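> One-letter residues, chain by chain:
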Amino acid sequence: MKTKILTIILLIFSSKLSANENIGLDTKIFKNLRCLVCQGQTIAESNSDFAQTIKIVVRDKISQGSNEKEIYEFLSEKYGEWIVYKPKFNYLNSFLWISPYIVLILGGYLIFKYFRKRRQ
Amino acid sequence: MKLSFLKIISFFLIIFTIVVFFIALNVDKRYSTENIIGKKIDSFKIKLLSNDKIFENKDLSNDKYHLINVWASWCLPCKKEHPILMKLSKKDNLNLIGINFKDQKKNANNFLKDLGNPYNIILSDTDGTSSISFGVFGVPETIIINEKQIVIKKFIGPLSTNDYKNILNVINEN
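Residue numbers (my numbering), protein chains in the order written: chain G, 1 to 120; chain P, 1 to 174.
Heads up, a few of these hints could be off.
What the hints assert, rightly or not - Below, a sample of chain P positions facing chain G; criterion: calculated Cβ distance under 7 Å: (1) Asn35; (2) Ile37; (3) Gly38; (4) Gly128.
Said to hold, decoys possible - Cβ-Cβ distance ranges computed for the label pairs, FRET-style: (5) G:Cys38 / P:Lys7: 43 to 49 Å; (6) G:Trp97 / P:Met86: 48 to 54 Å; (7) P:Asp127 / G:Glu70: 19 to 25 Å; (8) P:Ile8 / G:Trp97: 21 to 27 Å; (9) G:Glu70 / P:Gly157: 27 to 33 Å; (10) G:Trp97 / P:Asn107: 19 to 25 Å.
In short, the hints are calculated from the structure, not lab data. All values reported here derive from a predicted model rather than from experimental measurement. Every residue gets a Cβ at the ideal spot worked out from N, C-alpha and C, and that includes glycine.
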């Protein structure tokens, strides 16, 4: 039984890895860019005129040798940080970045405490 | 009374949730162009509408304000703001640069023939990629830059009478 579960987990994990390998840098960037003229869509999902132009610009920048960070910086400079889905880590949002880890540690501690108490 | 650890944690979690909602609901999620104001425009190379010559930012004169207007013949709000651009074209200390956005040369020329040409220079951005350097996401949009090519104002959508007064203040004040 254990071997079966392990095999399934490994299969899922390996397919996820290979899927990620197939995604190009351009698609990765499109998925992290917000379409400013659409409702809740990424540049990758949108067929709007704006999204098509951004796709051309991103591909041009990649062919010119710009990396992911430079492309995000270029677009954030023009359209504000709002265009990037994953926000940059800065002092303003640092608490939001760190809080899930704090909650995770606290939760782990509480579960540990609960089980220890039950055992006693 | 001794408070249990769980009660303290629950209290802080409630406070945390309230604070997060308060901050998140008060954040202005509308698109704003304020971040490009005060910054120098990127260097650009855009083809002229009339011929295949390339116009660069170094070709901009350094003794005047420049109004960069992004427009297209298929854009109805561009027609609406056109009379204001015609009035602005009469101002001596303002150089009007039109960027024809995702348009056909024939249609663009017909538009200017019918409504008048307010521009000193007309550039053609057929695929819209050059306009991205100006933070454009639609038409019409207007940017005012000073002689040092620093962005002073940006208007999204058609220019209104208030915008016209605002532009006059900008070019006369400094």
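> Run every hint past the structure and note whether it holds.
Okay, the hints, checked on the actual structure:
1. At its closest, the beta carbon of asparagine 35 (chain P) sits 5 Å from a beta carbon of chain G; the interface hint therefore holds under the 7 Å criterion.
2. Interface hint status for isoleucine 37 (chain P): violated, as the beta-carbon distance to the closest one in chain G is roughly 11 Å, over 7 Å.
3. For glycine 38 (chain P), the shortest C-beta to C-beta distance to chain G is roughly 12 Å, which exceeds 7 Å, and the interface hint is violated.
4. Annotation: glycine 128 (chain P) was flagged as interfacial toward chain G, and the flag holds, the nearest CB pair being 4 Å apart, inside 7 Å.
5. Roughly 45 Å separates the CB atoms of cysteine 38 (chain G) and lysine 7 (chain P), a value that falls within the hinted 43 to 49 Å.
6. The supplied range of 48 to 54 Å is met by tryptophan 97 (chain G) and methionine 86 (chain P), whose beta-carbon atoms lie about 51 Å from each other.
7. At about 21 Å, the beta-carbon gap between aspartate 127 (chain P) and glutamate 70 (chain G) stays in the expected band of 19 to 25 Å.
8. Under the hint 21 to 27 Å, the C-beta atoms of isoleucine 8 (chain P) and tryptophan 97 (chain G), about 24 Å apart, fit the expected range.
9. A C-beta distance of roughly 30 Å is found between glutamate 70 (chain G) and glycine 157 (chain P), which places it inside the suggested range of 27 to 33 Å.
10. Evaluation of the 19 to 25 Å hint for tryptophan 97 (chain G) and asparagine 107 (chain P) yields a failure: the beta carbon distance comes to about 49 Å.
Checked against the numbered hints above, the structure breaks hints 2, 3 and 10 and satisfies the rest.
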